[in-house]
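**Student:** One-letter residues, chain by chain:
2 protein chains.
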Amino acid sequence: MKRILYDLAAADEALRFSPYCWRIKLALAHKNLSYETVPWRFTEKDVIAFSGQGKVPVLVDGETTISGSQEVADYLERQYPNEASLFGEPPARALTMFIRAWTEDMLHPAIARIILPDIYAQLHPKDKAYFRASREKAWGMAIEDFHAGREGHVKALQAVLAPVRRTLAGQSFIAGDAPSYADHIVFGALQWGRLMSAAPLFAADDLLLAWMDAVLAVYGI
Amino acid sequence: MKRILYDLAAADEALRFSPYCWRIKLALAHKNLSYETVPWRFTEKDVIAFSGQGKVPVLVDGETTISGSQEVADYLERQYPNEASLFGEPPARALTMFIRAWTEDMLHPAIARIILPDIYAQLHPKDKAYFRASREKAWGMAIEDFHAGREGHVKALQAVLAPVRRTLAGQSFIAGDAPSYADHIVFGALQWGRLMSAAPLFAADDLLLAWMDAVLAVYGI
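Protein chains in written order, with the numbering used here: chain A, 1 to 221; chain B, 1001 to 1221.
Check the hints yourself; a few may be wrong.
[To be verified] Derived, one-sided and incomplete: chain A residues facing chain B with beta-carbon distance under 8 Å:
1. Ala-94
2. Asp-105
3. His-108
4. Tyr-130
5. Trp-139
6. Gly-140
7. Ala-142
8. Ile-143
9. Glu-144
10. Arg-166
[To be verified] Computed far set for chain A versus chain B, every beta-carbon distance over 12 Å:
11. Glu-83
12. Glu-89
13. Arg-165
Hints listed in this document are in silico derivations from the structure and should not be mistaken for laboratory results. The structure displayed is predicted, hence computed values, not measured ones. Glycine is no exception: its CB is placed at the ideal position from the N, C-alpha and C atoms.
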């Protein structure tokens, strides 16, 4: 059976930067499920119109199409109960929902504030007008205005990350001895920052980079 | 067997405001364990000197003395395995450690910034000099200077709480269908704010207050 993940790409089609798609690539690896990716750009709405909506991740698993990272994760957990659990026994999924909310409400904006112009610079030309219009509307400022005060925003990001650092000072993964979907969620955000930032967000010896490498190593990525 | 919790009190000995002691009161209720509290003030170091340190919570459980909220919670979980688990199966305890780090690094400071002078006003006279000196040193500003910009700090607290609100919009408790120690930790912080703030921090119909009442109702408190 073929399993296909539509995965957001930059102008360089090997540069896959969506934090939500990274969650699912790690979740598929966690479940030991093979898959192929299709590079997808923001404006290729027609390519995923069959999914009934216009965003990735979209997973086609044989006859089944699922979109939305949480929906895909819940589908994988339900559909492949004999593989390692993505969440663990209750109440782990519920607690993971807090970590998801924190990641999307606090961590994503802190990273976006820094890397938005860096993303813009690396997009496929056909995506640039869409990205500029949607992000400038959401943030109420021009892409070019994001450059000002970068240093301060990198500092603000470190403050937001304090609870992650403190957690990982006491245990190997956010989920303890091995990564779970909570790790996938936070990893996705930091991978997005790491891949797209024009200047490094973290020192080479940062605990967070060691944790990211450890997550990838667990899955042989 | 007698079980005694040393519990931080204000001038009014019925006003028990420590977020860390609240965690343990809920944890004891969760474990269905009866206990008595001893009201304790910051400067009564001699009263808990037997615990080998100078802070509450201190729990005396028969012959055993434990101090530090996490140490007490872990002790209760270990000592009373036949009662309802405080954390749930792995990886729930590890995920709870993230929620703890977030609460202490982000939520506590946001609440303290608002209520510090309100706490000071309600302390037992013998605690005031200690509290002033320690808090003014930690924050680098005078207690009286905390009053300025209160409205802005209440707004900042609402921003910090966004992930809690979003989580509780999708499920009854942070741990899902029933509260666990993750709920106790966040409850402790908000109870501290609710009890000590001179002006309400939340609207009467706030989702967070409904959740706090639901936590108390589960334990019949």
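**Student:** Look at each hint and say if it fits the structure.
**Tutor:** Right, here's what the structure says about each hint:
Residue-level restraint check for A:Ala-94 holds (minimum Cβ-Cβ distance to chain B is 3 Å; threshold 8 Å). Among the interface hints, the one on A:Asp-105 holds; its C-beta lies about 4 Å from the nearest C-beta in chain B, closer than the 8 Å criterion. A distance limit of 8 Å between C-beta atoms decides the matter here; for A:His-108 the minimum to chain B is near 11 Å, and the interface restraint is violated. Look at A:Tyr-130: its Cβ only gets to about 27 Å from chain B, farther than 8 Å, so that hint breaks.
Interface hint at A:Trp-139: violated, since its Cβ lies 16 Å from the closest Cβ of chain B, which is beyond the 8 Å cut-off. For A:Gly-140, the interface hint is violated, the least distance from its beta-carbon to any beta-carbon of chain B being 17 Å, above 8 Å. A cut of 8 Å between beta carbons decides the hint on A:Ala-142: the least distance to chain B is about 24 Å, and the hint is violated. This hint is violated: A:Ile-143 has a C-beta 24 Å from the nearest C-beta of chain B, more than the 8 Å allowed.
Hint on A:Glu-144 is violated. Least Cβ distance to chain B is approximately 26 Å, over the 8 Å limit. Annotation: A:Arg-166 was flagged as interfacial toward chain B, and the flag holds, the nearest CB pair being 4 Å apart, inside 8 Å. A cut-off of 12 Å between C-beta atoms confirms that A:Glu-83 is not in contact with chain B; the least separation is 16 Å. The beta carbon of A:Glu-89 sits about 4 Å from the closest Cβ of chain B, which is not more than 12 Å, so the claim that it is off the interface is violated.
Distance to chain B contradicts A:Arg-165 as a non-interface residue, since its nearest Cβ pair spans about 8 Å, not more than 12 Å.
In this structure, the earlier hints numbered 3, 4, 5, 6, 7, 8, 9, 12 and 13 are contradicted, and the remaining ones agree with it.
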